[in-house]
Amino acid sequence: MDTVKLTIDNREVEVPKGTTILKAAQSMGIDIPTLCHFELEGLDIHNRPGGCRICVVEVEKRRNLAPACVTECMEGMVVKTNSIRAINARKTVLELILSDHPADCLQCAKNGRCELQDLAARFGIRENPYMGGNHVQSQYQVEVSPSIIRDMNKCVMCRRCETMCNELQTVGALSAIERGFPAVVSTAFNQHLDHSPCTFCGQCVAVCPVGALTEVDHTSKIIRAIADPTKKTVVQVAPAVRVALGEEFGMEPGTIVTGKLTAALKALGFDYVFDTDWSADLTIMEEGTELIGRLTRYLNGDKDVALPILTSCCPAWVNFFEHQFPEMRALPSTAKSPQQMFGAIAKSYFAEKINCKREDMVSVSVMPCLAKKYECSRDEFKVNGNPDVDYSISTRELARLIKLANIDFASLPEAEFDSPLGESTGAGVIFGTTGGVIEAAVRTAYEVITKKPLPKIDFEELRGLEGVRSATIDVDGLKLNIGIAHGLRNARKLLEDIKAGKCQFHAIEIMACPGGCIDGAGQPLHHGNSDIIKARWEAIYRADKEMPIRKSHENPSIQAIYKEYLGEPCGHKSHELLHTHYFDRQTTVEVDVDKK
Amino acid sequence: MEKIKSLADLKKRREALQSDLNLREMGDNAEKVIQVKVAMATCGIASGAKKTMEAIIDECQKNNVAAVVTQTGCMGYCYAEPTVEVKKPGADPVVFGYLTADKAADLVKKYLIGNELLEGIIPVNYEKIDK
Amino acid sequence: MANYKYHILICGGTGCHASQSALIKENFEKLLKENNLENDVQVIGTGCFGFCEKGPIVKILPDNTFYTQVKPEDAEEIIKEHIIKGRKVNRLLYLDPKTQEHKDDSKHMGFYKKQLRIALRNCGFINPENIDEYIARDGYKALATVLEKNDPEWTIDVIKKSGLRGRGGAGFPTGLKWELCRKNQADQKYMICNADEGDPGAFMDRSILEGDPNTLIEAMTIGGFCIGATKGLVYIRAEYPLAIHRLQVAIGQAREYGLLGKDILGSGFDFDIELRYGAGAFVCGEETALIHSMEGLRGEPTFKPPFPAVEGYLKKPSNVNNVETFANIPVIINKGWEWFSSIGTEKSKGTKVFALAGQINNVGLIEVPMGITLREVIYEIGGGIKNGKKFKAVQTGGPSGGCLTEKFLDTPIDYENLIAAGSMMGSGGMIVMDETSCMVSVAKFYLDFTVEESCGKCSPCRIGNKRLHEILTKITDGNGTMQDLDELRNLAHVIKDSALCGLGQTSPNPVLSTIDNFWDEYVAHVTEKKCPAGQCKALKQYIIDPDKCKGCTACARNCPVNAISGTVKNPHTIDQSACIKCGTCYEKCKFNAISIK
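Chains as they are written, first to last, in my numbering: chain E, 769 to 1364; chain B, 3 to 133; chain G, 219 to 815.
Because the hints were derived from the structure by calculation, they are not lab data.
Quantities reported herein were computed from a predicted structural model and do not represent experimental measurements.
Virtual Cβ for every residue (Gly too), placed ideally from N, Cα, C.
Just so you know, not all the hints are guaranteed correct.
[Unchecked claim] Which stretches of chain G does chain E cover? Using the computed rule of at least three CB atoms under 8 Å from a CB of chain E, they are: (1) 517-523; (2) 674-680; (3) 711-725.
[Claimed, not checked] Which residues of chain E face chain G? A few of them, derived with a C-beta cut under 8 Å, are: (4) R821; (5) V824; (6) N856; (7) T860; (8) I865; (9) S867; (10) P870; (11) Y898; (12) H903; (13) Q907; (14) Y908; (15) R947.
[Stated by the list, open to error] Within a straight-line C-alpha distance of at most 20 Å, the following computed PhoX-like cross-link-like pairs (lysine-lysine) qualify: (16) B:K52 / G:K480; (17) G:K223 / B:K53; (18) G:K359 / B:K13; (19) B:K34 / G:K332; (20) G:K534 / B:K5; (21) G:K522 / E:K785; (22) B:K14 / G:K359; (23) B:K34 / G:K223; (24) G:K367 / B:K14; (25) B:K5 / G:K359; (26) G:K748 / G:K766; (27) G:K553 / B:K34; (28) G:K522 / E:K829; (29) B:K52 / B:K64; (30) G:K553 / B:K7; (31) E:K1121 / E:K1341; (32) B:K13 / G:K367; (33) G:K325 / B:K34.
Input sequences plus hints: build the corresponding full structure.
Shown next as structure tokens:
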């Protein structure tokens, strides 16, 4: 590899050609402050607008200061990251940014984890020369949607959200509007997010350095619900939560905290602590049966059958195709997501079991996701206005609740999920990452179709973090072509292929977030460190391996509910409770995938 | 319109078109070509200066002489109208008197082309044209 | 067969067009027909003559008669007197403001004497909608030469040796730019013309597009051949409808003649041009922002490198030059680099077009050789300061240029000298200010523009310029402190040092150059709460001289805010805290008892 030699702060360093000054300095232990800069190396996500100018450094022979985050190292370059000229510029720029930022840190959702606040502390900003006299701040309406709160008064124009929305997700809901001082990231024509093509994937929230984009917080409502003696509280926990929550309590990324998590929920006072993994197994029964059904019809010569079948457990993905590819809405499985299947069962089967009226049950989900908040508010998931899932909270919100209740998470003795909706399999766990849903489906489909036990449970060919993957599974002679995409940019590519008739897949799994739910927008913030995502990913498969049962159809509790309540997969009762339908919600926004 | 297919083709086209702009080019570069000024005050017009001017223009064109023919005010030689002042590049202006239209051909051939003086020259006693 | 004795050129530039020049042309044509003169006199609509101050302009050739401020009804007198009787219409001739003499020959006008028109060579001379006239003036000869040589490197070398530098403002050597783009291999490259003239008051590009669109087509084709591009794109602001129309007409005619399209002049080289419309954002004049805008993205700049020569339009190697730069290309090829490089200064060759405006007698568009002094431009071409006032400053380089004072009047104008003096060439705006201009207000005025036109991408420009403007407002409102002046200077330096693109990096120039050159004026605003030029309304004080006041009560009766008190026949007083400085009392006082301080 070509390298270049340069001097940074009087020290020589040799770095690969193309390295930025920022990276070179980091490799020497020099921490140049940044704000807008954001990268997720392994996932090919780069937000490098070079816009905030917090990272400016002095480069000899250069007329003006250079932004370290985008300036490439050159042979013989002499860089000073700590010259008084650079420091003064950085401080002045920071004062400028702060002069257009509300100082309501105490009430801000990002208080204590705000990158701008950190910078202000680091620079020791006490008074601001630009705040006096006739100084004005930007004024925008704060907007609340089911998942996301947008307070653009706090926007620092880092454009991270825009990069996520346009490049990673190709959704095109957010981009910079206006010019000059009022310039801000918003929707087209500043319309409400509800009327935009937003999928509520929340990746924008996950990367916002400040409190401009935050999740709708349901923690207070949950405290009220638990405190209300007339209510029975039922909580479910998604698979990806157990491999990430520990990070909020100082544990190593990838620590599996299922037992402590269960104990904490019980300590918080939930009446029943269940597992979304259970309803993931249920999803496999329904979706797998649907897949087998469509395949059988296809193999019997019915060419009109809707193939490939697309998974439908990711609510942001559902929003995406409803907005952008409504003409293809016959393709996805009609199976509800595990969260909604759980909610439907909790407020029917389980409510009957414990003799609790629907209105008296508060159903809560803990999700790595913000789109789940939107999903549980959809009208088709309500009975007489009463939602199957009342509140969906993120992993971060749960961490706040645990801290609020002074529960010492690290020393909690492990506990078990309650029965019957807490028993699950390894197949349910791997729902938490890309490729997991389809692997779980294949484990079941194989045995159902062939009536033979799987020779090997682990389908390594379906695993990985590449954006688009494909594999052919030999189901006893039947070649099953599987496609997998995560990140909606990649989903779009597959959908375009299907549209163009270039698609050979029988089944496709799609997750909106990169890496799947492990990097959901409700997870602890990774601050651009893709090693964290990798660690969660490995933990998911570790958790799968640790499970005694690893195939959904072998879950005894699932077998029981079919026997005593649902009848058969895709049967009449299942259709009523576990399946849904999709809508055309097309907007007129177009985004070109190839354009970065 | 036919396409221009080569450099030579373009050159031919240009040469054909240039004459249309001659008048403008000469006016713009007056100091580099022969300037003929016909006195066109009341006295000149009464003596037929307009016809003289037209005749000079015609003759110049006939003989391919690059000259700017314009009118000017009274030069003070009312007795000798029509009067015409000719300034050749690098030479002093010369004023011809009694230059009726029928003498235009002579003027062009003899003086403008041949540098041969005609009768009726009024001696130079002033400088009108900027050098 | 027509045998024209006169050509009547009527300016069809935007300014004269707005003053009914089309109707003037119509009247001439009608009258010529009535007088059976249509075979003796040709009427031609042209591009801009540059002397917009006195438009509409009608020029008669071959006698170089220059009629100014012609009205449609004047056509009759011009035909009857000038054309038929041969007598120039004195009252319409240009009146020299100094000598009060009517100039009967445009060659004797101060405005034109010092000009050297290369880029504007055809403006006001040919009919822009007739490609034949362009061809007659050596049009497409340079292209033919280049294609016949069939050696792009030779052509690039000629441009390099000529010393031509970008006329858009930054002054990057054009030949080098082409060479860099040529070196990058790609299946498709683009030759882009920046016709997004954004500087308020600058209109040289528009003028060239309106007056001589073929020169752009020819130059872009030459450039395309040199860098290896078969596609040309003109990014032109939609607010230039006339320029767009003329360019479209010219492109159509060039295609008909085979000067655009496949196999140009039998050389085997293909090139065609498309237009892209801009919405008029100032920042889209920056080449990366321009490219993004053409791609349909938000018009905002990105960090360079990568330069457009490597990664431009649709990620393909692209070369962006502005209109005026292109307009020089054919002449350089035709007349040789030696000729071109003999004009100008050591590092700045050729000419520059300036849009002369402000408190100056001859407002208009001029083209002068590099190295001419500001004094020559202002006093000889510009005819000096209006109404006999005193010169105070000249602002060059558009809204982000700087204000230069008397001491720079004899500095030869070129890229380096203007930067050294604290201003810049920019696209060639030149605004002259007289003694009545308040320099703090001037700085604020320019900041108004940059605050509005910042794209908002980088913090120093988005927020910093707004804060600069706020501090300036504080000063002109009379609330400034010496501390504010310190902050102003620091902030201006930081913005210049840290902003992302040229717009931001130069936006504090008006502040810095006025602070440097007019420090005392700033201090007067702050310490004495006084505006020396008397422009800042908030700092004006109306004072009644008790000795002169007769107590007539006229002022008090007319004061809209009842700020004046006093009894009949006794001197009145103004309550300064209530006064809104409307000036009514000053106008109403019959005894000159009220003065402005």
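Now the hints, each set against the structure:
A stretch counts as covered by a chain when three or more of its residues have a beta carbon under 8 Å from one of that chain; for the stretch 517-523 of chain G and chain E the count is 4, and the coverage holds. Taking a C-beta to C-beta cut-off of 8 Å, the stretch 674-680 of chain G contributes 6 residues in contact with chain E, enough for the three needed, and the coverage statement holds. Coverage of the stretch 711-725 of chain G by chain E holds in this model, with 7 residues showing a Cβ closer than 8 Å to a Cβ of that chain against a need of three. Contact between E:R821 and chain G, as hinted, is supported at the beta carbon level, the nearest pair being about 5 Å apart and thus within 8 Å.
A cut of 8 Å between beta carbons decides the hint on E:V824: the least distance to chain G is about 5 Å, and the hint holds. Here the hint on E:N856 is kept, as its CB sits about 7 Å from the closest CB of chain G, short of 8 Å. At a threshold of 8 Å, the smallest CB-CB gap from E:T860 to chain G is about 4 Å, leaving the interface hint in force. The beta carbon of E:I865 is positioned within 8 Å of a beta carbon in chain G (closest approach about 5 Å), and the interface hint is therefore held.
The criterion of a C-beta within 8 Å of any C-beta in chain G is met by E:S867, whose closest approach is roughly 6 Å, and the hint holds. Residue-level restraint check for E:P870 is violated (minimum Cβ-Cβ distance to chain G is 14 Å; threshold 8 Å). About 4 Å separates the beta-carbon of E:Y898 from the nearest beta-carbon of chain G, less than 8 Å, and the hint is met. Among the interface hints, the one on E:H903 holds; its C-beta lies about 6 Å from the nearest C-beta in chain G, closer than the 8 Å criterion.
At about 13 Å, the closest approach between the beta carbon of E:Q907 and any beta carbon in chain G exceeds 8 Å, and the interface hint on this residue is violated. Because the closest C-beta pair between E:Y908 and chain G is about 13 Å apart, greater than 8 Å, the hint is violated. Given the 8 Å rule on beta carbons, the hint for E:R947 holds: about 6 Å separates it from the nearest Cβ of chain G. At roughly 52 Å between alpha-carbon atoms, B:K52 and G:K480 are farther apart than 20 Å, so this suggested pair is violated.
Distance restraint check for G:K223 and B:K53: the Cα-Cα separation of roughly 13 Å lies within the 20 Å cut-off, and the hinted pair is therefore satisfied. With a C-alpha separation of about 8 Å, the suggested pair G:K359 and B:K13 falls inside the 20 Å cut-off, and the hint holds. Only pairs whose Cα atoms come within 20 Å are accepted, and B:K34 paired with G:K332 is accepted, the gap being roughly 18 Å. With a CA separation close to 31 Å, the supplied pair G:K534 and B:K5 exceeds the 20 Å bound.
The hinted pair formed by G:K522 and E:K785 meets the criterion: a straight-line CA distance of about 17 Å does not exceed 20 Å. For the given pair, B:K14 sits about 11 Å from G:K359 by alpha-carbon distance, which is consistent with the 20 Å threshold. The straight-line distance between the Cα atoms of B:K34 and G:K223 is roughly 19 Å, inside the 20 Å bound, and the hint therefore holds. For the suggested pair G:K367 and B:K14, the alpha carbons sit about 19 Å apart, so the restraint of at most 20 Å is met.
Of the supplied pair hints, the one linking B:K5 and G:K359 holds, its CA atoms being roughly 15 Å apart against a limit of 20 Å. Straight-line distance between C-alpha atoms of G:K748 and G:K766 comes to about 24 Å, which puts the hinted pair past the 20 Å bound. Pair hint G:K553 plus B:K34 holds up; C-alpha atoms about 18 Å apart against a cutoff of 20 Å. At roughly 17 Å between alpha-carbon atoms, G:K522 and E:K829 fall within 20 Å of each other, so this suggested pair holds.
Pair hint B:K52 plus B:K64 holds up; C-alpha atoms about 18 Å apart against a cutoff of 20 Å. Pair hint G:K553 plus B:K7 does not hold up; C-alpha atoms about 23 Å apart against a cutoff of 20 Å. With a CA separation close to 17 Å, the supplied pair E:K1121 and E:K1341 stays within the 20 Å bound. About 16 Å separates the Cα atoms of B:K13 and G:K367, which keeps this hinted pair within 20 Å; it holds.
Annotation: proposed proximity of G:K325 to B:K34 holds, straight-line Cα distance about 13 Å (limit 20 Å).
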